[in-house]
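Could you put together the complete structure from these sequences and hints?
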Amino acid sequence: MKDKLHQLKLKYQGKKMAPAFNALHTFLYTPNETTHSGAHVRGADDLKRTMNTVIMALIPCLLFGMFNAGYQHYSAINGFPENFSLVNDFLTWDNFLIGITTVLPLVIVSYGIGLGIEFLFAVIKGHEVEEGYLVTGMLVPLIVPVDTPLWMLAIAVAFGVVIGKEVFGGTGMNILNPALTIRAFLFFAYPTWMSGDKVWVHGAVERAGTADAISGETILGSLAQGSDYSYSLSDMFYGFIPGSVGETSTFLILLGGLFLIFSKIASWRIMVSAVIGSMAMGLIFNGIVDAGWLPEYSKFHTLMSFPYWQHLLVGGLAFGIVFMATDPVTGSQTNKGKWIYGFLIGFLSVMIRVFNPGYPEGVFLAILLMNVFAPTIDHYVVRGNIKKRLKRLKTATIYPKASDEVDSLKTETA
Amino acid sequence: MSKDIRIRKGLNINLVGAAEQTTSKAVTSNVYALNLDDFHGITPKMLVKQGEEVKAGEPLFYNKNYEEMHFVSPVSGELVEIVRGARRRILSLKILADKTQDYVINKVPDLDTADGAAIKNYLLQCGGWPFIKQRPYDVIANPEATPKAIFVSAYTTAPLAADADYVLKGKEQELQVAITALSKMTPGKIHVSIGKNSRSAFADLKGIELHKISGPHPAGLVGTQINMIDPVNKGETVWTISPQDMVILGELLMTGKFNAERTVALAGSVIKAPKYYTTKIGAEIATFLYASGVNEERFRLINGDVLTGTKTHTEGHLGFYNNTVTAIPEGNDYEFFGWNKPVFNKISNTRALTFSWLQPNKKYDLDTNTNGEHRAFVVTGQYEEVFPMDIYPLQLLKACMVKDLDEMEQLGLYEVAPEDFSLTEFICISKQPHQQIIREGLDLLQKELG
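Heads up: the sequence lines are chains A and B, in that order.
If you're matching positions, the first sequence starts at 5 in my numbering and goes up one per residue.
If you're matching positions, the second sequence starts at 1113 in my numbering and goes up one per residue.
Below are the DSS-like pairs computed for lysine-lysine, each with C-alpha atoms no more than 25 Å apart in a straight line:
#1 A:K405 / B:K1301
#2 A:K392 / B:K1510
#3 B:K1458 / B:K1475
#4 B:K1510 / B:K1559
#5 A:K392 / B:K1121
#6 B:K1167 / B:K1137
#7 B:K1115 / A:K392
#8 B:K1559 / B:K1515
#9 A:K395 / A:K405
#10 B:K1543 / A:K13
#11 B:K1543 / A:K6
#12 B:K1121 / A:K391
#13 B:K1301 / B:K1281
#14 B:K1121 / B:K1474
#15 A:K392 / B:K1346
#16 B:K1301 / B:K1346
#17 B:K1346 / A:K398
#18 B:K1543 / A:K19
In case anyone wonders, no lab produced these hints; they're calculated from the structure.
Structure representation (structure tokens):
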């Protein structure tokens, strides 16, 4: 097969379809390219391996999301089981079946449409198919509500890939995180679908208005409306709560994050500083409430008194910090800048959450905002280095050139 | 007095096939060649016609932009061929060596009384000058500029490169003469860096500022040391010279003879018995390659080390500046699912199912495969881990790619040479040609502002 594919590669060389063929070929076999200039040996990593590592970190979240889709569905109908057991109540075939039928189509649509556009652009522009969408395509189904209609997702993906990435020149050139662009498009184009208490649990929308109506409000939604929620802290941490497909299990996200830090694929600086940032903002709000500065009429801000560290357990904050904020292309590129960038993401996420009861999820907006500011942060960090160099220049020992001396002598004598 | 410098950022690339520390004399080569690509940016003007006889040390050509700068023949013999390429550009000069070598004996200036200008003229005339290189631009030193300091690295960290301590053994006298001569050409210091625990020939020499350096590659690159000791600012010039070339300079200043002999490491996993050979600049590599034997039919022969050397072939000749010849397997083969399998037999500075971090001292047998395709820059923060200079590598590379002269200058292009980016190139996930980008950036900067 290796030789046959090699023959085919030679056959396609220079033709229009070459990028499409090469994408499939390099998926099966690392190419036979050898070094031409510069270093004659190269390290083991390429972009495919990097992207693949992120996907591996996402797989547990995806699987958990599938089971959780079923679990939330049946719990909304039958009530939550009293003595919860992981094996009997959660990891069941029924739950998985719901997950497979609801989540898998999201994955297929996301990859199908997204990669389709990538291939199309590669063939038109004659460059190789780049791997960026491998991660985006996996992120997208994990950050949408489980009952997102597939046609909406398809339109959003097309929008996100074309406007969010391809118009800038493809992977590595984009300004905004494509997955979040897709999420933002869904939210602003179909706001009634993407919020409220129906979309988070499979089947809730179809049953609305009937005798079997069910609902599943997210914890953030409940908090924003000032109502109570019935989930325990361990539910929140392990993720047995309603929410977007992959964002609920803080535990698995934490594992994924640790894996990414260990493998040196994602920046620990961004993750740590974002956690610090979100806690700082949470503490400020908690402090304001404790100090009693709030007048009676603004007491509806229930989220303000939400314990600061629990912000990390609910909603998409943890998922956003680990998998979205650390996108190297759209984030800050300097190590110092990463600290500032991450901190502000955490800080702004909690701020938006608290101040915007209409849509109490601030993470994607905060990250998109910071995506825009990342180059500015980098600019000032790099300026610092340039200033240091300019300062050094003042004490530079520059000797005149031999020819200059002769010239100056000539002018003196003349 | 010596100062200690410790480099923390970097990566040692441990390869199979390091040269054993024994030296044999290579078979005398029939034909010697000077490869003009070794002299970056020099336009040659020939002084000798094809078919004419030259002595060893007799000028073959001069620098068109600086007529006094001569390039001499490493051996005596007949100039049998001037190899030309496109637009009649001279690629290399081939000399058929005489059986008995006949040297030009130059009149040596008296080192005690001679001033810098006299030594400069002597080196320019007798072919010793091209060994001195300068920063900025990483080219042969401009004789008109006065360097603020001269840097010599006698610490070897590049993979499989000839060990400076070993090849300099017993050359103290030549080195001392070279130092004395060089010190007359700069008002500044001569900084020499040696390994922390090394027994370097430089250890007891006079007139130098000795630095003891430790840490992983690129600690041994002179650019790293300049950055740590006394970085180059805009308008400043520093000179660099490799210690083995100082030996040739030293002999030139002692005896008046241009003796192109040097000890070369023949290394790499393809070589059956990797070791050192004494030979001359421009000798056919085959004269010692087959003495050590090769394991494979298809291999890459490199003039220099695997990170910075130039590609050559079995009929090729030893480069003007090289003291290492490396042979590694070609990697023009496909690897099934190479991008997601766990990797145990390649080096990486990540841990993304790559396991070289488990055994930092294991020796690897790397081939020339790129291990992936060329992509746009995606990952960030990776280069900084192996780049010890106080420079933003990614930003500088991008400035060179978009030809932004102001940025290039401000971000420190004056301080670097292409070789300083060899390690970032090695680990680059996007497989970008860093050294080429920096070389083109330097050429542009020199053309526009130099």
